[in-house]
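K.L.:
Dock chain B against the given chain A, drawing on the hints supplied.
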Amino acid sequence: MAKIRKIMCCCGSGLGSSMMVQLNTNEALKKLGVTDCVAEHTSLSEVNVNSADLFVVGKDIYPQLKNYPRVLVLDKIMSKKELLEKLQAAFEMEGDEFHIGV
Amino acid sequence: MLDFILNILATPAMLVGIMALVGLVLQGKPIEDVVRGTVKTIVGFLVLSAGAGFLTGGSLNAFGELFNYAFNMQGVVPNNEAVVALALKDFGLATSYIMVLGLVLNVVLARFSKLNFIFLTGHHSLYMACMIAVVLSVGGLEGFPLYLAGGCLLAFVSAFSPWFLQSTMEKIVETDELGFGHFGGFGYWVSAQVGKLFKGSKSTEDINFPQRLTFLRDTTVSIGLTMVVFFLIVTAISVGRGVLDADPAGFGHLSDLLVAGETKIHWAVWAITKGLSFSGAIYIILSGVRLIVGEMVPAFKGIAEKLVPGAIPAIDCPVVYPYAPNAVLIGFLVSFLGGIVGLLVLGAMNNAGIAIAMILPGVVPHFFCGASAGVFGNAEGGIKGAVLGSFIHGLLITFLPAIVMPVFGTLGFANTTFSDADFSWMALVFGNIAAAVKGIPLLVICVAVYLAPIALSLVTRKK
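Taken in order, these protein sequences are the chains called A and B. So the number in the numbering used here is just where the residue sits in the first sequence, counting from 1, plus 4. So the number in the numbering used here is just where the residue sits in the second sequence, counting from 1, plus 934.
Note that these hints are calculated values from the structure, not bench results. Every residue gets a Cβ at the ideal spot worked out from N, C-alpha and C, and that includes glycine. Any given hint could turn out to be false.
Just so you have them, the derived chain B footprint on chain A, three or more residues with Cβ under 8 Å [to be verified]:
{"id": "1", "segment": "11-17"}
{"id": "2", "segment": "23-35"}
{"id": "3", "segment": "46-59"}
{"id": "4", "segment": "63-72"}
{"id": "5", "segment": "78-92"}
Chain A with its partners taken away, still in its complex shape (with noise of 0.2 Å):
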């Protein structure tokens, strides 16, 4: 499978959720112990299926992305203790299309 090396944090106007959770994935990434992989954060208008491996979205705008590849669903989107789980599922997947949450 391809490795994930880029995540995407995606929220409506891309200002402030996305890039509290991209915050908190930096966070979790550091915990996971995993250095070759970035978060960024973006809008719904900008994101793309190209534009990371593995997209990070709550729930409420996951219909917006069901056709991805590879997505984590976030139920309470400030919870560490939960993306911190579902980041460690989607690190350990080995397909390349899986919904994490759904």
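P.N.:
Relative to chain A, chain B alone:
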């Protein structure tokens, strides 16, 4: 040399860059991060200005002119990005100082008062700083007194708004470690109070609601669609009234519609292009804002967490959306409906001889704020609370901006304004104070408002 330094401090883009530079150096970041962050911040500011130019020249001025021709009234599209981009031209310097001072004072307030919230929605801090700069300038403040008074007000509202939302916020997210940081706060509070009338009503999440409308969450699409509709209506009515045969010299912003170039443009094609241009301008402005806050907020968050370990982070509105996706869509639709009803009422008032700005239902405030109002209404009063709460919210963000227009001075004549409820009540309260009390006494009032929560918690602690 002194000239050079003073000039940098008086050039908003450079000033914001310097502030980013200082912030990054203070955090002990490596040199490449410092350079990257500084350059991106300055570029962000310049991109924002470019968006403002495209907005006014590309669509907004033309819209205002046509609206006036069609209805003989002032038509206003409430949009924070748009109005801030315009206001930064004259208030860029004051906005930058107020924002930085406001962030610092927010940390102090969180540390020493019961309003222990750190406001992390950077773009709203920027917009609020700008709004405060405009309003206080009307009261004759300038230079350092303006920056200080503005910083105090920004810090106050940054901690106060999450505070009065907290009891409902805890019901939504089921934790007391998360605050709601979005300056539509007053509107959500109202929606929550309305919701309390319907305690025990079934939750919005217990019903099936089609989720396909989430494509409207993409602001480029939703702004584009609504502005195309607005432009088509206004242009069609103007054409019906004979604008195409009018003398182009009487219209400064309609030359591409009235004067034939290579080919004469059809008015409908023109209207569609203009509507989508508006959306394009907001896209540019948002990119600029993203560059600025993307450097500022993470630094601010890091510093604040170190200085005030127990403070509650107040996060941008989508933080509550995953908890109630149905309430999000219901809130948006019903709030938008409220905006249309409100517009009709404003029209009727104008026909009755009361001159008041026509506030069109801007899709961004109705989406983000209406959706949040829906979630807050649902948390207190289920479906009924969500529906009635967001409907009243829709009325609120139509009437409040209309009433507030006069306190913005010359900016009140722009065809756009601040949309969210906290901007309105802050402008209403402090704009009117600034109209009555000028100069240093005004500064004293602003500082007193800031210090009051700290004094209050000192007094209650003693008991």
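K.L.:
Confirm or reject each hint.
P.N.:
Quick rundown of the hints versus the structure:
Restraint check on the segment 11-17 of chain A versus chain B: 3 residues with Cβ-Cβ distances below 8 Å, three needed, restraint holds. Given as covered by chain B, the segment 23-35 of chain A passes the check, having 3 residues with a CB less than 8 Å from a CB of that chain where 3 are the minimum. Interface restraint, the segment 46-59 of chain A with chain B: holds (3 residues with C-beta to C-beta distance below 8 Å; minimum three). Beta-carbon proximity to chain B at under 8 Å applies to 5 residues in the segment 63-72 of chain A; the threshold of 3 is reached and the given coverage holds.
Judged by the Cβ-Cβ criterion of 8 Å, the segment 78-92 of chain A is covered by chain B as claimed, because 5 of its residues qualify and three suffice.
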